[in-house]
Amino acid sequence: MLIKLHKCVLAGLLVASCGASAAGTDPEIQLLQIYREIGSNHLDKALVLTEALLNEHANFRLAQLIKGDLLLARTRPIHTVGDLPNAPQDKLSELREEAQLRLRAYREKPPTNAVPRYLMQLRPDQKTAVVVDTKKSRLYVYENVNGQPRFLADYYITQGKAGDGKTREGDEKTPIGVYHITGTVPGSKLGDFYGPMALPINYPNEWDKSQGRTGHGIWLHGVPSNTYNRAPKASNGCVVLANQDLEKLNRQVQIGMTPVIISENIEWLDLDHWNSERQSFLKSFETWRADWESLDTEKYLSHYSKKFSSNDMNYTQWAERKRQVNAGKQHVQVRIDNISMLRYPGNDDMLVVTFDQDYRSSNLSNVMQKRQYWIRENGYWRILHEGAA
Amino acid sequence: MQLYKTNSGFNRLRGLTAAFLLLVCTAAGAQSTAESVEVSNLLKAGQYDQAMKAADAFLSNKPKDAQMRFLKGLIYTEQKKTTEAIQMFTRLTEDYPELPEPYNNLAVLYAAQGKYEKARDSLEMAIRTHPSYATAHENLGDVYAKLASQAYDKALQLDSGNAAAQTKLSLVREMIGGGRTKPTPAPAAKPVPIAPSVAPAATPAASTAVVPTGSTKTANDEVQAAVQTWATAWSSQDIKTYLASYSTDFEPPKGMTRKTWEQERRSRIEGKRKIEVTLQDVSVSVSGNSATVKFRQIYSAPGHNTKSRKTLIMTNAGGKWQIQQEKTGG
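Those protein sequences? They're chains X and Y, same order as listed.
Start counting the first sequence at 412; every next residue gets the next number (my numbering).
Start counting the second sequence at 6; every next residue gets the next number (my numbering).
What the hints contain is simulated information worked out from the structure, not anything from laboratory work.
A couple of the hints might just be wrong.
[Said to hold, decoys possible] Capping the alpha-carbon separation at 20 Å, the derived lysine to aspartate or glutamate pairs in EDC-like fashion look like this:
id: 1; chain 1: X; residue 1: K620; chain 2: X; residue 2: E678
id: 2; chain 1: Y; residue 1: K159; chain 2: X; residue 2: D494
id: 3; chain 1: X; residue 1: K620; chain 2: X; residue 2: E797
id: 4; chain 1: Y; residue 1: K159; chain 2: X; residue 2: D501
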């Protein structure tokens with residue numbers, strides 16, 4: 412009975428040798444081993460492993476559930492996971508769902524030669540990038556190795572009670588989009604509920620605002636001390652990690668630098684395709700830069716969508732402005748460095764491009780960091796939004 | 006739950022013999038039948054101070070005697086001197102690790118303190134050397150259930166009032182190792198639940214003994230009816246009917262005479278304010294004029310609750326089914 416129940420969670424788990432469980436091993440790896448033993452009907456061994464895990468993390472609720480089941484199975488046949496009279500079904504199904512998500516994430520680990528499509532290009536000084544998959548309840552960390560993203564770590568996460576696709580204040584959803592970590596707030600300022608710290612992200616970003624989306628206070632944070640982790644859909648929209656995972660993540664990210672891309676379902680590209688997409692866009696980008704330098708305003712403007720907006724201008728106003736400005740210049744030099752190109756999750760082809768811009772003309776010199784949103788219109792990449800980063 | 010099987014009776018005997026020999030070899034003149042019976046009687050009569058005095062007197066000459074030390078542990082338990090009781094039983098497990106009874110009683114004491122993991126460890130030790138020891142298995146089942154419920158509470162964040170409710174396990178009152186003139190295949194637990202004892206897990210006493218239905222009375226039905234009569238008499242403190250349920254060749258426990266045994270039963274039964282005896286899972290097997298009845302007996306009187314598995318060997322004398330043997334264990 413018990414085996415059948417937990418096996419339905421295992422469903423297709425490939426038995427890969429994982430080595431002996433040792434103290435200090437990641438709790439999730441220990442959990443996977445426990446399920447493996449249950450699947451092989453080594454219930455005694457499973458109980459030993461479960462108790463070892465609970466020794467280190469007494470507040471790991473899923474492990475407590477498994478322990479309860481294994482102990483109860485010694486006294487009588489049990490008919491369901493958590494075979495108690497009046498067991499709260501919502502909590503039980505949350506734990507069951509958590510188990511399934513953890514196992515699924517293990518089964519569906521990203522292929523080694525594939526990268527998230529969203530990480531088209533990272534700046535050299537961006538050490539890592541964070542990509543969240545809400546369907547999998549998983550957060551992936553990629554490190555920047557000479558311009559190429561490489562898998563570093565992944566963690567189970569909790570998202571908003573109401574799922575993803577945040578649009579307004581209080582909807583209890585996690586936003587989908589390209590964000591970055593804007594700061595860090597120590598746990599001492601926040602209270603036990605948030606764990607060791609919070610890493611706020613910049614929801615709503617420029618795109619969210621242009622879409623009229625509202626809300627605030629979307630963070631990456633931890634959990635209260637009375638639990639190891641939270642249920643898959645439990646927060647008000649924040650992305651929540653187990654405290655020890657958050658500590659690890661905190662060491663892997665850079666404030667103000669690390670992008671956090673939240674997607675419903677991460678798109679993976681093999682390295683060749685990833686490279687060719689990158690090169691293809693860089694061509695369009697370079698053409699824009701060259702056209703700007705050339706002072707051929709109409710050519711320059713051809714890179715802008717008619718739906719364009721900057722913080723205070725629409726296309727017409729922008730075009731007018733640029734014609735004016737360019738008319739008064741003899742030459743312009745535009746140097747662009749440290750370009751990051753991040754693809755926006757969702758159906759539309761949209762890229763968030765951030766770069767350092769060094770603009771020199773006969774009468775003005777200016778260095779700034781810029782952010783552009785590019786979209787594809789009729790097969791052509793065009794700028795939808797431009798402003799200071 | 007592990008039922009007490011016949012063949013393990015021999016394992017039991019082996020265990021008993023080994024323990025017996027060990028006692029003979031290690032304790033100078035281990036056999037202390039008369040004294041341990043005396044202490045045992047004082048204990049049952051509730052005369053703890055005297056029992057302790059007698060035990061200590063004996064132990065001053067023979068300090069290693071396992072049976073007397075076991076009884077002393079029981080006295081401490083009745084006196085609610087838990088620390089001393091735990092110490093006594095613990096030392097016994099150290100000196101005689103092959104005896105399951107001290108482990109069992111240690112577990113009972115730990116459970117009473119809410120130390121269920123320790124109770125579990127103790128019981129698992131008892132079963133290691135005596136895999137078919139019914140009382141230890143029952144107690145262990147109760148401990149597992151309690152530990153499971155604690156784990157569930159943590160998993161599901163239940164604020165169940167369960168936390169306070171204790172799981173009470175069954176004490177064992179006799180150690181087979183010594184003090185018996187007639188080694189029997191029965192396990193150590195007393196066949197009849199006696200006065201002060203620790204209650205087992207609160208399982209709601211569901212069904213009572215099966216009442217024979219239908220107009221055609223088979224031998225099976227008659228046996229069941231006799232057993233029911235016995236249990237009812239016991240509950241209603243009808244000592245006459247109760248004693249009449251036992252055959253003339255009934256074997257009283259501990260080598261008591263019939264008369265002594267009857268006196269003891271009388272004082273036990275009549276002396277209570279109230280008694281309730283419930284039988285569960287009754288199974289009857291008849292063979293000619295003999296029948297074996299097995300059931301789970303739940304005995305409850307003010308301050309005392311015991312749950313045990315019982316076996317009755319019944320004989321049919323002149324059309325009436327009576328109890329010839331009564332033992333604890335399935």
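Tested hints:
Distance check on the hinted pair: X/K620 and X/E678 sit about 25 Å apart at the alpha-carbon level, beyond 20 Å; violated. This hinted pair checks out: Y/K159 and X/D494 have alpha carbons roughly 14 Å apart, not beyond 20 Å. Straight-line distance between C-alpha atoms of X/K620 and X/E797 comes to about 14 Å, which keeps the hinted pair within the 20 Å bound. Proximity of Y/K159 to X/D501 is assessed by CA-CA distance (about 15 Å); at most 20 Å being required, the pair is judged to hold.
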